[in-house]
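Q: Chain residues, written in single-letter form:
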Amino acid sequence: MFDVQKVREQFPILHQEVNGHPLVYLDNSATSQKPIQVIEALEEYYNSYNSNVHRGVHTLGSKATDGYEGARDRVQSFINAKNREEIIFTRGTTTALNIVASSYAKAKLNEGDEIVLTPMEHHSNIIPWQQVAKATGAVLKYIPLQPDGTISLEDVEETVTDKTKIVTMVHVSNVLGTMNPVKEVGEIAHNHGAIMIVDGAQSSPHKKIDVQDLNCDFFAFSAHKMCGPTGIGALYGKKELLDDMEPFEFGGEMIDEVGLYESTWKELPYKFEGGTPIIGGAIGFAKAIDYLEEIGLENIEAHEKMLVQYAMDRLTEHEDVEVYGPPADQRAGILTFNIKGVHPHDVATVLDSQGVAVRAGHHCARPLMNWLGCTATARASFYLYNTKSDVDAFVDALVTAKEYFGDVYAE
Amino acid sequence: MSMQSNLDTLYRQVIMDHYKNPRNRGELDENDALTINMNNPSCGDRIQLHLQVENDQVVDAKFTGEGCSISLSSASMMTDTVKGKSIEEALEISGIFSEMVQGKEYDDEKYDLGDIEALQGVTKFPARIKCATLAWKAMEKGLDE
Chain A
194 MFDVQKVREQ FPILHQEVNG HPLVYLDNSA TSQKPIQVIE ALEEYYNSYN SNVHRGVHTL
254 GSKATDGYEG ARDRVQSFIN AKNREEIIFT RGTTTALNIV ASSYAKAKLN EGDEIVLTPM
314 EHHSNIIPWQ QVAKATGAVL KYIPLQPDGT ISLEDVEETV TDKTKIVTMV HVSNVLGTMN
374 PVKEVGEIAH NHGAIMIVDG AQSSPHKKID VQDLNCDFFA FSAHKMCGPT GIGALYGKKE
434 LLDDMEPFEF GGEMIDEVGL YESTWKELPY KFEGGTPIIG GAIGFAKAID YLEEIGLENI
494 EAHEKMLVQY AMDRLTEHED VEVYGPPADQ RAGILTFNIK GVHPHDVATV LDSQGVAVRA
554 GHHCARPLMN WLGCTATARA SFYLYNTKSD VDAFVDALVT AKEYFGDVYA E
Chain B
1355 MSMQSNLDTL YRQVIMDHYK NPRNRGELDE NDALTINMNN PSCGDRIQLH LQVENDQVVD
1415 AKFTGEGCSI SLSSASMMTD TVKGKSIEEA LEISGIFSEM VQGKEYDDEK YDLGDIEALQ
1475 GVTKFPARIK CATLAWKAME KGLDE
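From first to last, the protein sequence lines stand for chains A and B.
To convert, note that position 93 of the first sequence is 286 in the numbering used here; the numbers rise steadily by one, no gaps.
To convert, note that position 126 of the second sequence is 1480 in the numbering used here; the numbers rise steadily by one, no gaps.
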């Protein structure tokens, strides 16, 4: 049974006042808070078995290696990858996408090849492809957005051609909360001989991921948005694709033989993990997965759906609050909005004065802001520990913001 | 100080007045004026500043752009302040302004700072200091050239 009050007890950070009000943390799409289990796992690692991996003959080294490689097994089972060596630890989603852009796309694409994406991508899934296009002469093609910020499979069919080599897309938009049909898009991509890449930064924290069912070729995600530490994430890639790619970073850990003029690489996944890996981070990542699976991803998803529905219902009372994106039943727990006549920074500052933490700005999605016709928006994003009373506090704070600026406007 | 009064210091009446009724909003002829574009990449604010400089004097200043109440009111005040000043004076006031919004000691006697002292409230809101300084940085960039 999902009990949000019990969940909240596991998150020490939530039990504090900010600016004289109980903290209402609604910036989860930027980064999530960490449960005590993850904090303790990090503490235990650094207190009792911190060591380098894969080389220490000593006891601590073996324990650290077990922790790090055990974390790979946890990530593998979390997304249901077929093979453990298909899991590459990275610094996060951005690095994971850059590995694909650099080691796969730059090597394989030629002039005139097409990379298909959407205007709702995070900058980390746009700029690497712009760089690939510059380096190879490939062209970027965008699937148009529907008025409610979704994409249609007909448009995907029209955009993807036999020249398309890569289709890449967010699983869940970090601005609109749109959930993209990446499995169906992947089928279209594969029918044209293209690969399918999924940016899972905003989906992996909130729903069950099965990369074999999605049949995507690459899947990128970050630990820190799913109760884990910052600085670590993972790239999943199909083995035959990863095997055929050159390493991304060169140096220690990733080599087989090293001569003065030539070197060879380790097998997967190590050829992509140059340098001392993010050992503590991986151990914390694994603990976060344990935690989320114990709660149940389906429970988390249902809880967030309830919250976003409740929030959108409450906001319909306020005509001067414009919410962007699809209806509640078609979106993840992300609510991007503007109050008419008040800049989102000013909204966020007033909300913060009431203890409510939201994001304001362009959310690293400038092309999407252009599409929405605004330079910035405010965003509230929910997670498993948020409550209906958090939503109430949020709506109350919005009313405060409206009144505050209404008053100053009225003179 | 309570959060409410902190908010009131940030959003002083004079700031909201500049936000609602910006002074010097508009453009200047490119043949007579410098144009400086400045973004705050972390939040999306953009300003385009036009400065007309003759014989080391800022004769006119106008701006366009999008941003929050703090960045736009600051642009309005800045353009008001630098008009008629020499380049040296304008840069010096910019330095004083920068010290003021960072909560440092600043010289409030050498120049009549007028409305711009109302922006002191941002010192309590570290995330908003960049909003206040955007237009001033654009001006410094233009006059340094």
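Hints were generated in silico from the structure; no laboratory data involved.
Being a predicted model, the structure only gives us computed values, none of them experimental.
Built from N, CA and C at the ideal position, the CB exists for glycine as well.
Just to be clear, a hint being listed does not mean it is correct.
On the chain A side, residues computed to face chain B include the following (Cβ under 8 Å) [to be verified]:
no.	residue
1	ALA569
2	THR580
3	SER582
Listed next, the in silico SDA-like pairs over lysine to any residue satisfying Cα-Cα at most 20 Å (straight line) [to be verified]:
no.	chain 1	residue 1	chain 2	residue 2
4	A	LYS595	B	GLY1380
5	A	LYS595	B	THR1363
6	A	LYS334	A	LYS595
7	A	LYS376	A	ASP403
8	B	LYS1374	A	CYS567
Listed next, the stretches of chain A that the computed footprint assigns to chain B, with coverage defined by at least 3 CB atoms under 8 Å from CB atoms of chain B [as the list claims (entries may be wrong)]:
no.	segment
9	504-513
10	555-567
Q: Just to be careful, I want the Cα atoms of LYS334 (chain A) and LYS595 (chain A) compared with a cutoff of 20 Å; is the pair within it?
A: Not satisfied, since the Cα-Cα distance of roughly 40 Å exceeds 20 Å.
Q: Holds or violated: LYS376 (chain A) with ASP403 (chain A), Cα cutoff 20 Å?
A: With a Cα-Cα distance of about 10 Å, the restraint between LYS376 (chain A) and ASP403 (chain A) holds, given a limit of 20 Å.
Q: Does SER582 (chain A) pass the interface check with chain B, least Cβ-Cβ distance below 8 Å?
A: Since the shortest Cβ distance to chain B is 20 Å, the answer is violated.
Q: Does LYS595 (chain A) pair with GLY1380 (chain B) here, judged by a C-alpha cut-off of 20 Å?
A: violated (28 Å)
Q: Given ALA569 (chain A) as an interface hint, is its Cβ closer than 8 Å to any Cβ of chain B?
A: holds (4 Å)
Q: Given the hinted pair LYS595 (chain A) and THR1363 (chain B), is their alpha-carbon gap at most 20 Å?
A: holds (18 Å)
Q: THR580 (chain A) was flagged as interface toward chain B. Is the shortest Cβ-Cβ separation under 8 Å?
A: violated (22 Å)
Q: Quick check: do three or more residues in the segment 555-567 of chain A have a beta carbon closer than 8 Å to a beta carbon of chain B?
A: holds (count 3)
Q: Do at least three Cβ atoms from the segment 504-513 of chain A come closer than 8 Å to Cβ atoms of chain B?
A: With 0 residues in contact (Cβ-Cβ under 8 Å with chain B), the coverage given for the segment 504-513 of chain A is violated.
Q: Is the Cα-Cα distance between LYS1374 (chain B) and CYS567 (chain A) 20 Å or less?
A: Distance of about 19 Å is within 20 Å: holds.
The structure is inconsistent with the numbered hints 2, 3, 4, 6, 9, although it conforms to all the rest.
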